[in-house]
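S.K.: Could you put the whole structure together from the sequences, leaning on the hints where they help?
2 protein chains.
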Amino acid sequence: MTVTAPAGFEAAGVACGLKSSGAADLALIVNRGPRRAAAAVFTSNRAKANPIIWSQQVIADGEVAAIVLNSGGANCFTGAQGFQTTHATAEAVAEALAVGAGEVLVCSTGLIGEQLDRARLLAGVAAASGSLDAESGMDAARAIMTTDSVPKTAERRRDGWAIGGIAKGAGMLAPGLATMLVVITTDADLPAPALDAALRRAARVSFDRLDSDGCMSTNDQVTLMASGASGIAPDAEAFEAELTALCLDLAAQLQSDAEGASHDIRIEVVGAAREDDAVEVGRSIARNNLFKAAVFGNDPNWGRVLAAIGTTSAEFDPYDVDVSMNGVRVCTAGGPDRPRDEVDLSGRAVHLLVDLRVGDATATILTNDLTHDYVHENSAYSS
Amino acid sequence: MTVTAPAGFEAAGVACGLKSSGAADLALIVNRGPRRAAAAVFTSNRAKANPIIWSQQVIADGEVAAIVLNSGGANCFTGAQGFQTTHATAEAVAEALAVGAGEVLVCSTGLIGEQLDRARLLAGVAAASGSLDAESGMDAARAIMTTDSVPKTAERRRDGWAIGGIAKGAGMLAPGLATMLVVITTDADLPAPALDAALRRAARVSFDRLDSDGCMSTNDQVTLMASGASGIAPDAEAFEAELTALCLDLAAQLQSDAEGASHDIRIEVVGAAREDDAVEVGRSIARNNLFKAAVFGNDPNWGRVLAAIGTTSAEFDPYDVDVSMNGVRVCTAGGPDRPRDEVDLSGRAVHLLVDLRVGDATATILTNDLTHDYVHENSAYSS
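Residue numbers (numbering that gives the first Met the number 0), protein chains in the order written: chain A, 0 to 382; chain B, 0 to 382.
Note that these hints are calculated values from the structure, not bench results. Wrong hints could be hidden among the right ones.
Pulled a few chain A residues facing chain B out of the computed Cβ check, cut under 7 Å [what the hints assert, rightly or not]: (1) Met215; (2) Asn287; (3) Val374.
Beta carbons: idealized from backbone N, C-alpha and C, even for Gly.
M.R.: The following block contains the structure:
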């Protein structure tokens with residue numbers, strides 16, 4: 000049921016010919032109310048796609064009636080014609096639903112720098128509008144897939160209200176890879192400012208800490224819409240807890256389906272002077288191609304971990320850092336400890352534990368290894 | 000002749016068993032004077048290898064009698080024992096040459112986190128000291144190779160004085176990849192401060208702008224030694240011009256032998272408000288795995304170029320940027336121009352031209368594509 004699990008939402012997923020494969024490529028998710036509160040977070044890339052520019056205006060008043068998402072083209076760097084396509088898409092949805100275009104969010108994902116086929120897109124909007132129902136959340140999840148091998152969905156229920164979500168992509172929000180699009184719905188009755196605060200906090204410790212390949216997308220968007228249809232207004236703490244758990248669930252699904260990856264690497268940084276230091280250290284390791292290639296080769300090359308830490312501005316002493324891989328302490332105080340051949344990296348899950356030994360702040364960053372398949376998939380992407 | 004091309008220098012390259020292949024793994028280069036002025040630049044990684052820590056002390060007074068370099072081990076994160084190995088190496092060279100240990104630079108390259116075999120290293124120093132001559136610069140160039148497929152050497156002569164150099168590695172200085180080691184000799188008669196100023200300026204526009212994979216090494220060192228044996232003191236401008244040309248030559252050799260690369264990419268950024276902006280933009284593109292994988296696949300994916308620029312703090316308008324690849328203008332003012340299939344990326348050389356259209360500052364960054372072979376070589380490095 001995914002985004003249609005919470006009461007008050009309808010969805011559809013259709014194929015309108017944007018993908019040459021003929022697979023579903025347009026999703027529409029509608030909030031039937033009674034409330035239409037919403038919040039969203041966007042890529043921090045300064046090069047923003049047309050749907051991002053549009054959606055940032057729409058979300059400003061915290062009221063959203065519907066969100067339309069297409070795969071098969073990012074509509075980024077497509078000039079005035081491209082922006083008009085985004086605008087026309089929102090207008091078509093608005094007309095079909097008898098709402099204002101300023102209440103319709105738009106997301107796009109796919110290749111940058113190519114015009115979307117506007118006629119096909121508008122035909123897709125018409126088809127989706129005609130097939131909306133409260134059961135089709137999974138169809139929407141499938142329609143936003145690009146290189147995803149499986150749809151990503153999640154649901155949580157608590158005390159009479161629910162949250163549901165769909166996601167596509169293999170990366171993070173700010174910065175982000177390969178366009179991560181997420182739509183989360185809830186029938187909790189919460190105003191837009193409360194949704195915004197909860198979404199920002201949840202994204203900060205979930206999608207923001209997923210860094211598959213360090214490449215920031217032009218199209219990333221995470222949207223939260225609340226119908227209020229449960230008639231229940233949960234307290235802020237309970238809502239944020241469920242929302243965060245759902246975001247972490249979706250983030251883990253994105254990680255495990257990252258393009259070409261053969262290992263899911265959880266980088267846990269402890270003993271940092273402050274949380275920002277822990278995040279900076281974790282992200283630096285997550286972006287080190289040499290470390291990531293070593294993990295692909297099942298090689299516990301902890302020297303590359305220390306070399307990556309050395310490029311940060313975090314508080315630490317290179318000769319007082321401990322490193323463990325999958326439970327084996329390979330480095331103590333910046334020197335060799337257990338023999339590296341005691342580390343078993345043959346499984347998909349890798350846990351890298353770095354202790355900076357200067358404080359008690361922590362952060363966990365999720366990443367993947369750098370593989371032949373990553374190179375292959377991304378070299379062949381636009382062909 | 001390489002580093003022994005300038006008068007006043009002797010060199011040797013020997014095999015002492017640090018490399019399991021039995022290939023040459025220790026180089027010694029000696030300045031016979033009459034002057035012993037020197038300068039060096041080092042990795043900016045805060046995690047510095049033992050030989051870097053040692054050499055930074057040695058170079059402080061601008062006097063260097065010899066430099067000893069080993070492959071087969073980086074001697075980084077090897078604790079007190081590792082530093083003692085570096086110290087003992089310098090002492091052994093000093094004793095053989097009847098100079099002070101404080102006049103001997105040490106460089107190491109290879110795997111991080113493993114102890115060097117000190118007995119083999121010292122035996123290598125003895126062997127090298129006994130085979131020094133003014134013809135063996137090429138032997139030294141071969142002895143510092145790790146994953147290099149060919150030795151990198153250069154020589155320049157002008158007005159009665161000469162410069163010679165050797166290099167290993169496939170990356171850049173600050174930050175740097177896979178340990179770049181460079182030794183440059185000259186028989187010009189220049190004091191250490193003049194050498195230092197010329198070396199910093201030359202490195203800034205050559206090695207510092209080679210960014211093969213964005214990974215900063217713990218062991219990078221570029222050393223310049225002047226014997227004064229020509230008896231000629233060239234003017235600063237002439238010396239810097241020749242030194243810069245030699246550094247650019249070596250940097251191009253490093254780029255074209257980068258691990259696993261199939262394309263040499265020259266990223267030329269023009270129209271920047273300031274040189275720092277142009278460097279930041281070029282480096283951001285050079286580190287974008289998605290762009291680099293696309294080039295591997297001969298795919299002129301200029302959208303990934305703009306996405307990379309969008310992550311920088313440089314002054315630009317995403318919708319007023321022009322991009323050309325191998326002479327074809329694929330993007331004008333942030334929108335599509337010529338069809339991407341007009342771009343031919345089948346050759347090894349790729350020229351990416353980015354015009355930010357806000358000023359007249361420029362910079363060129365050299366990088367490589369991201370290939371299956373890069374992943375393979377770096378996943379198998381320590382095995």
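S.K.: All hints are to be evaluated individually against the structure, with a verdict given for each.
M.R.: Going through the hints against the structure:
Taking 7 Å as the C-beta cut-off, the interface hint given for Met215(A) holds, the closest approach to chain B being about 5 Å. Hint on Asn287(A) holds. Least Cβ distance to chain B is approximately 6 Å, under the 7 Å limit. Nearest Cβ of chain B to the Cβ of Val374(A): about 5 Å, under the 7 Å cut. The hint holds.
Going down the numbered hints, you'll see the structure goes against none, and every one checks out.
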